[in-house]
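Student: Chains as they are written, first to last, in the working numbering: chain A, 1 to 200; chain B, 1001 to 1263.
Quick caveat, the hints were computed from the structure, so don't treat them as lab data.
Small disclaimer: the values here were computed from a predicted structure and weren't measured.
All C-beta atoms in this analysis are idealised placements derived from N, C-alpha and C, irrespective of residue type, glycine included.
Watch out, some of these pointers could steer you wrong.
[Stated by the list, open to error] Straight-line Cα separation of at most 30 angstroms, DSBU-like style, residue types lysine-lysine; simulated pairs:
1. B:Lys1067 - A:Lys90
2. A:Lys125 - A:Lys90
3. A:Lys180 - B:Lys1040
4. A:Lys125 - B:Lys1067
5. A:Lys129 - A:Lys180
6. A:Lys125 - A:Lys180
7. A:Lys180 - A:Lys90
8. A:Lys125 - B:Lys1040
9. A:Lys180 - B:Lys1067
10. A:Lys90 - A:Lys129
11. A:Lys129 - B:Lys1067
[What the hints assert, rightly or not] A few chain A residues that don't get close to chain B, going by computed Cβ distances all over 12 angstroms:
12. Thr3
13. Glu4
14. Gln5
15. Thr6
16. Asp7
17. Glu8
18. Gln9
19. Lys90
20. Pro135
[Said to hold, decoys possible] If you want the footprint, here are the derived chain A segments under chain B, 3+ residues with CB under 8 angstroms:
21. 23-32
22. 43-57
23. 172-178
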Amino acid sequence: MLTEQTDEQLLAQALDGNEDAFTALYRRRQGPVYRFALHMSGSPQVAEEVTQDVFMFLLQRGRGFDPSRGAVGAYLFGVARNYVRRAMEKSHSEAMMTTPAEDDDPSLVTNCDPVDGIARGQTSKAVWKAVLSLPEHYREAVVLCDLQELSYADAAEALGCAIGTIRSRLHRGHEMLVRKLQSSAPALAGFSSDAARCLS
Amino acid sequence: MTCRDFIDAAEALTPLESGLVETRNEQLSAHARECTGCGKWMESQRLLGNALQVLRARTAQREAGPKVEQAVLQAFRRQGFEPVAAVAPERAAPAAWKLSRFFELSAYAAVAAALIVGIFLGARMWRDQQAPQTQIQARETLVPQPANPQAAMLSYNGKPSERVPTEVAQKLVNSAKTKGAISSGERRQTANRQSGATTAERQGFVALMFCDPLICSGEEQVIRMELPGSASASAEDNGSQPVIADVVIGDDGLVRAMRIVNQ
Chain A
1 MLTEQTDEQL LAQALDGNED AFTALYRRRQ GPVYRFALHM SGSPQVAEEV
51 TQDVFMFLLQ RGRGFDPSRG AVGAYLFGVA RNYVRRAMEK SHSEAMMTTP
101 AEDDDPSLVT NCDPVDGIAR GQTSKAVWKA VLSLPEHYRE AVVLCDLQEL
151 SYADAAEALG CAIGTIRSRL HRGHEMLVRK LQSSAPALAG FSSDAARCLS
Chain B
1001 MTCRDFIDAA EALTPLESGL VETRNEQLSA HARECTGCGK WMESQRLLGN
1051 ALQVLRARTA QREAGPKVEQ AVLQAFRRQG FEPVAAVAPE RAAPAAWKLS
1101 RFFELSAYAA VAAALIVGIF LGARMWRDQQ APQTQIQARE TLVPQPANPQ
1151 AAMLSYNGKP SERVPTEVAQ KLVNSAKTKG AISSGERRQT ANRQSGATTA
1201 ERQGFVALMF CDPLICSGEE QVIRMELPGS ASASAEDNGS QPVIADVVIG
1251 DDGLVRAMRI VNQ
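If we strip away everything but chain B, and leave its shape as in the complex, we get (with noise of 0.2 angstroms):
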């Protein structure tokens, strides 16, 4: 037996017990014998245990008064016990009892702010796995996309434009497919322009800029401008002429394409 199984042995006599211990473990008390430390030890607490009965023995027949008893019983014959109701919160109570009251209401209430929170993240993963799906569908359906991606880079009038690579212009193509989500709004002004790039296309007019359906969305208009004659590049007479030009500008202020109406 080593040292330390000898004291956890003899830790789990109270003292009192452990002067007993010669008659109750021989491996405890051989070894107390051999090592003079643990020896000491358990001397000490027989010592302990000793003084702590003398404790005990002087103070075992102390009680409360007679006072006591009587203000005790005439409580009861006066009242008796108070009802369950009447049960303030137990500020006297064993601390044992008011932690395991105070756990058992924590884990209901633990379990039930789990079964909102799962309830409410399931509710919006579920939306969110529905929503891309069909308004994908819905955009397809609205707003028919071209075979070809180039046809995504037609200019007003119909030209694939030699600046945008193509495979820019399929990725701008995937992202419209992959964003998703537009609003009815922006469905109803994408087709309004794009009706209005065809209508643009059939009377002449010029792009200026590429215009993506997702960049450029929102509502347009066509004005009619006078330019000085210097913005007209063939003008014969160097600029002396204006030259009026109907101007498609979209309501970010940007000028879409416009064409000149008396060259």
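Here chain A stands alone, though its shape is the one from the complex (with noise of 0.2 angstroms):
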């Protein structure tokens, strides 16, 4: 029942005390505010921090929450775009960027043999580390149109800009992960043959 409600239905019934209702709105909304901030800062640390605090920031402001400026689903990576921020001026902050977590997860190469895996597994190394190393804008238009694909609107409004400007920063980010992934041709050479086959 409570599946099928929206978000500002949910947040409504929270706020009237429903903790189901919070519980719900919150298992559904930690997954892409976690993912974004791992995406983000490269650090599954900082992802779960600040994913506890998005939510520690919705119990201390969710009631002037105003449905008429935007869903609550942009709100939220509004509010985990300036901890991440924060996190991301912390010195130890910086060292994390340039390496992104390892992700041991079996369960996502099943599909392909062990060879497949090892390089996708490098591509996605290589691509995250690309990533991570874009300047904050159109690190922040990557992650939210590309990996949590998001609409530009959506974007736009999490970011509190334009939709042109996110799509001038995307551009621009895609320019720059190309030249970046281009040079480091190996891991992607091996991704474009093997795990292309494997996606399709």
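Two independent chains are provided; combine them into the complex using the hints.
Tutor: Dropping the structure here:
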């Protein structure tokens, strides 16, 4: 029943003290928020802290949320963006950015042979490293639109800018990513032949 | 289709979609086949889209741990949502919200400021338009202007000054009209001086300088002085007898007129 309701409806019920509604809202939105923070920072630890901070912030300021200004999802991404930025400002976060977290989840490569899996692992690591090396504005656009699959309008809402700005940042971010990945040609070449076949 | 059109059209697609461009747009795919540069660009976008898709797939199942959920739900059970009144300034709220609120308040403040300035300027302009007319009218009633501009040049003995041209006199009268702003004290003093001038004319004073009403404002005094005999050009005894004279002195220290008493 609760799963069919919108984020705004769940939030309204949670504001009335309905714990089930709040739990449903948390479980629906914590994943995207966590992955956004993870893609932006490259650190699972930072991503967990940011996720907790975002929902604590919602508990503190949730009554001030105005649905006419945007969706709950975009609001949470906007809050997460600010917490990620704070985390990045800490000196130790700079070191984290250059080295993305290892992803050892084997469930993602069960449909391909081990060689493909290794190639995919190398490629995703190279891509993630390239994403983390992007300037913040371009990284936000790439993470939200390409990795979180938000529409341009939703991404613009989360980042507080125009849709045209998102498009131009995305275009520029893609150009920079292509250049960075071409400089690490072995990983990209390995992916283009093997992993593309695996995904098709 | 030009290369520019191709890039513009392809940019509208996300990298994930650009892999499907061949089935979505025949024009795009035809241009990509014909143009080597655009074909390479499209291929690079396709590769990038695939690479990003791999990264997304490998992190799609990543979520916050159960400890985070426990902490958040415990906070909800403990305090729930805080009331709006306790809300402090939003430091972590999205920038767009903060900006929109800022611009909203700024717009209200700007409109209020514009209204205040407009009212102030309007009142001042209205006052400026009204004031000269009333002051000129008041001046014309208090100080009767001579019908002939040359009358302004009359000296104390009632004769026009030969040294001051008529045009200058006309100018002085006009400037006196247009300047307009004369304080009540000045009006009173000017009136006193006018009456003093007629008195002086009657009593035989000789004007020593031209005195415009606007220039020679202020009180005047008549002082009886004893001058050396040489002051009188008509003294036959060549200055042996002192000359007694009444001198009209303005408050600026300049002599307006004088008369010889003992001659």
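Student: Are the hints correct? Go through all of them and say.
Tutor: Consistency of the hints with the structure:
1. For the hint pairing Lys1067 of chain B with Lys90 of chain A, the CA-to-CA distance comes to about 23 angstroms; that is within 30 angstroms, so the pair holds.
2. Taking the CA atoms of Lys125 of chain A and Lys90 of chain A, the gap is near 23 angstroms; set against the 30 angstroms cutoff, the hint holds.
3. For the hint pairing Lys180 of chain A with Lys1040 of chain B, the CA-to-CA distance comes to about 16 angstroms; that is within 30 angstroms, so the pair holds.
4. The suggested pairing of Lys125 of chain A with Lys1067 of chain B holds, with an alpha-carbon distance near 27 angstroms, which does not exceed 30 angstroms.
5. Taking the CA atoms of Lys129 of chain A and Lys180 of chain A, the gap is about 9 angstroms. The hint holds against a cut of 30 angstroms.
6. Taken as a hint, the Lys125 of chain A and Lys180 of chain A pair is honoured in the structure, with Cα atoms around 13 angstroms apart against an allowance of 30 angstroms.
7. Simply put, Lys180 of chain A and Lys90 of chain A have alpha-carbon atoms about 25 angstroms apart, close enough for the 30 angstroms limit, and the pair holds.
8. Proposed proximity of Lys125 of chain A and Lys1040 of chain B is supported: the alpha carbons are some 24 angstroms apart, at most 30 angstroms.
9. Only pairs whose Cα atoms come within 30 angstroms are accepted, and Lys180 of chain A paired with Lys1067 of chain B is rejected, the gap being roughly 37 angstroms.
10. Between Lys90 of chain A and Lys129 of chain A the alpha-carbon distance is near 19 angstroms, which keeps this suggested pair within the 30 angstroms criterion.
11. Proximity of Lys129 of chain A to Lys1067 of chain B is assessed by CA-CA distance (about 28 angstroms); at most 30 angstroms being required, the pair is judged to hold.
12. With a minimum CB-CB distance of about 17 angstroms to chain B, Thr3 of chain A clears the 12 angstroms threshold, and the non-interface call stands.
13. Under the 12 angstroms C-beta cut-off, the non-interface status given to Glu4 of chain A relative to chain B holds; the minimum distance is some 21 angstroms.
14. No Cβ of chain B comes within 12 angstroms of the Cβ of Gln5 of chain A; the nearest lies about 17 angstroms off, and the non-interface call holds.
15. With a cut of 12 angstroms on Cβ distances, Thr6 of chain A stays outside the contact zone with chain B, its closest approach being about 18 angstroms.
16. Even its closest Cβ contact with chain B, about 15 angstroms, leaves Asp7 of chain A beyond 12 angstroms, as expected for a residue assigned away from the interface.
17. Against chain B, the non-interface label of Glu8 of chain A holds: every CB pair exceeds 12 angstroms, the least being about 15 angstroms.
18. For Gln9 of chain A, the shortest C-beta to C-beta distance to chain B comes to about 15 angstroms, beyond the 12 angstroms cut-off, and the non-interface label holds.
19. The claim that Lys90 of chain A is not at the interface with chain B holds, since no C-beta of that chain comes within 12 angstroms of its own (minimum 15 angstroms).
20. Residue-level check passed: Pro135 of chain A sits 17 angstroms from the nearest beta carbon of chain B, beyond 12 angstroms.
21. Here's how the region 23-32 of chain A fares: 5 of its residues keep a CB closer than 8 angstroms to some CB of chain B, so the rule of at least three is met and the hint holds.
22. Proximity of the region 43-57 of chain A to chain B, defined as three or more residues with a beta carbon under 8 angstroms from a beta carbon of that chain, is established by the 9 residues found.
23. For the region 172-178 of chain A, the stated coverage by chain B holds: 3 residues have a C-beta nearer than 8 angstroms to a C-beta of that chain, and at least 3 were required.
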